[in-house]
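Top line first, the protein sequences correspond to chains U and Z. The first sequence: position 25 = 25 (the numbering used here), numbered continuously. The second sequence: position 223 = 223 (the numbering used here), numbered continuously.
Some hints here could point you the wrong way.
[Said to hold, decoys possible] Chain Z is faced by these chain U residues, among others (derived, beta-carbon under 10 Å): (1) 6; (2) 16; (3) 316.
Quick caveat, the hints were computed from the structure, so don't treat them as lab data. Remember, predicted model here, so these are calculated numbers, not experimental data. Idealized CB from N, CA, C, for every residue including glycine.
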Amino acid sequence: MNLLLTFRIAIRALGRNKLRSGLTMLGIIIGVGAVIAMVGIGQGASASIQSQIANLGNNMLFVMSGSMNTGGMRGGAGTSQTLTPDDAAAVERECPAVRAVSPGVSANGQLVYGNQNWVASSRIQGTNEKFPDIRAWPIETGEFFTEGDVRTAARVCVVGKTIKDNLFTGTDPVGLTMRIRNLPFRVIGVLSTKGQNQYGQDQDDTVIVPYTTVQKKMLSITNISMMMISAISPAATFTAEKQITDLLRQRHKLGANQDNDFFVRNLTDVAEAADQSSKIMTNLLASIAGVSLLVGGIGIMNIMLVSVTERTREIGIRMAIGARSAAIRRQFLIESVTLSVVGGIFGIVFGVGASIIISNTLGWPTLVSPWSIFASVIFSVFVGVAFGYYPARKAAGLDPIEALRYE
Amino acid sequence: MLEAQVVTETNYAADPLLGPALITLEHVHKTYQMGDVEIHALRGVSLHIDRGEFIAIMGASGSGKSTTMNILGCLDKPTRGQYFLDGQDVSTLSRDELADIRNSKIGFVFQGFNLLSRTSALENVELPMLYLGVKTAERLTRAKEALDIVGLGDRMHSMPNQLSGGQQQRVAIARSLVNQPSIILADEPTGNLDSRTSVEVMGVFQQLNKERGITIALVTHEPDIAQYARRTIVFKDGRIKNDYLIKDPRSAREELESLPPIEDDEEDEE
Ligand SMILES: Nc1ncnc2c1ncn2[C@@H]1O[C@H](COP(=O)(O)OP(=O)(O)O)[C@@H](O)[C@H]1O
Ligand SMILES: [Mg+2]
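Go ahead and model the full structure; you've got the sequences and the hints to work with.
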């Protein structure tokens, strides 16, 4: 007796009790749906962290002046004036794990164009020409300032998208002159849109000028408040951190028992840890959802067992008219696999639907991967076979005479 | 009461010229073990049934009729003794081989009809052919044919609960004959039916036996019903007490024709 016929017998048998079939499937629907939705949420979170990592720049580290010890920040980052442009040059020259360095100084102040002005939280950032590379933040129109502009402390600037939209009301500002802290600057470029950082700050609300310009023309200082550093690879950020620390301690002539007068923040490291924890979260969510799938499977076994008892007479009839034990076993197995697979398919629809609803209503990013769909289908087949086997074997082992006599 | 005469207590040994009997039971014993107690359901039954016979099996309750039917139907095996069906010793066969024999050589009709519920008459009749692996088109043709034979060609899409008891039993008979079995075994097929419906069902059996030469063995404890068969075997305490031919069996068809027509069989019970 071939499989197709057994399949037909099983489908007919399932069709005969639609309510029971439906209730049995419900467990699997919820289980598979939960797995897909949970994994979708987890992977969505992971993907958004990944994109934030990419947003941070190329394997980035910050070095801030000031210090930090176990008791917390002493003095506060950037408050002491320990970093110099020479430190930045030395880091770039002497640390093998470092690819590029930009000194950083920043200032606040009013931006004016014509009769428009814009303060908001605008930051005036002083950097060198390597900024777009280090931050992985390309120019959209115009160009970035050059090494020559840095050397001569030129009054040129590059603005972020928010400033273009607000101060210049959307018109292309390249070539125009704006005033920063009352000094005229020529706008030479507009940065591409970066969006919010992980703290929700608008990164496009910024204007970038040569750091030398900030030092000499705005603040009259010679030190820098920080360095932006790009390591040669994500893995090298840790080595870079160590090399930078050693070099700066040496340059700042710090004794063995003295604290650092700067601190290094490895953004990639932090981000990777966040990514790691989101992956753990995904696995955790998936395991919890997996448990519900398991419960769904036990539900199938439960109902299949009840069904075997309820249908004892049917089994007796089938055996009397010539069904072999194997045919009975296959019928019940196919019934449970069909329930779990059809349940699984509905579960996928339910899970994808739930993911969409979650991401729309709660604003969480979700990402339903084909892989999780594939895995849940495979898992439902497995559940069907695993939890259908025992009831099926029980049915096949019945004695036809007793089964026929069953009331 | 008994209209037919007891002809003889014959020994239906196989005739060497006619080849082996359809069924031969040789000193069949069946013993059930109930804890410490042994129940001897059959204590040495020897029996021959030829092709084309129509046998009524009678006897008091507990005399071993159903046990014999189960053994004849390959649902059970003798504890001792041998059973030859179509010349083949079936007492030694495996579970699967017995299932195959039930499928192709034996048709069952039960007291309680035993149709699959929520399954149309047609699908119920198709069932034995599903397990034989008959192709869909042929399966349909044969199932419809069988339903036509029992006079239910027009009710093939009805569910069992839409059919009267007599109609359900006729569906069961159609199911039992659809694989062209060597013998149809019926354990008290009229036990749940009123007398008129019983006559109708016996009419179907007589028609199958006469027109198609199908061998039939049925259990009944109503002497009236036994009169429709052509041979009676009487059991007592696990042995055959009496085995005789009925010289002039009753004809269900003639009796039905002489009865005033009643519609109750045509109406649904539910
Ligand atoms: N499965 C069984 N287990 C124990 N005893 C049984 C079983 N089946 C039948 N018997 C006993 O065997 C005897 C014959 O039973 P059965 O063939 O059913 O009688 P009948 O059909 O003639 O009424 C009875 O005493 C019955 O109680
Ligand atoms: Mg009985």
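Going through the earlier hints one by one, which of them does the structure break, listed in rising order? Hints that this structure does not satisfy do not exist here, as all of them hold.
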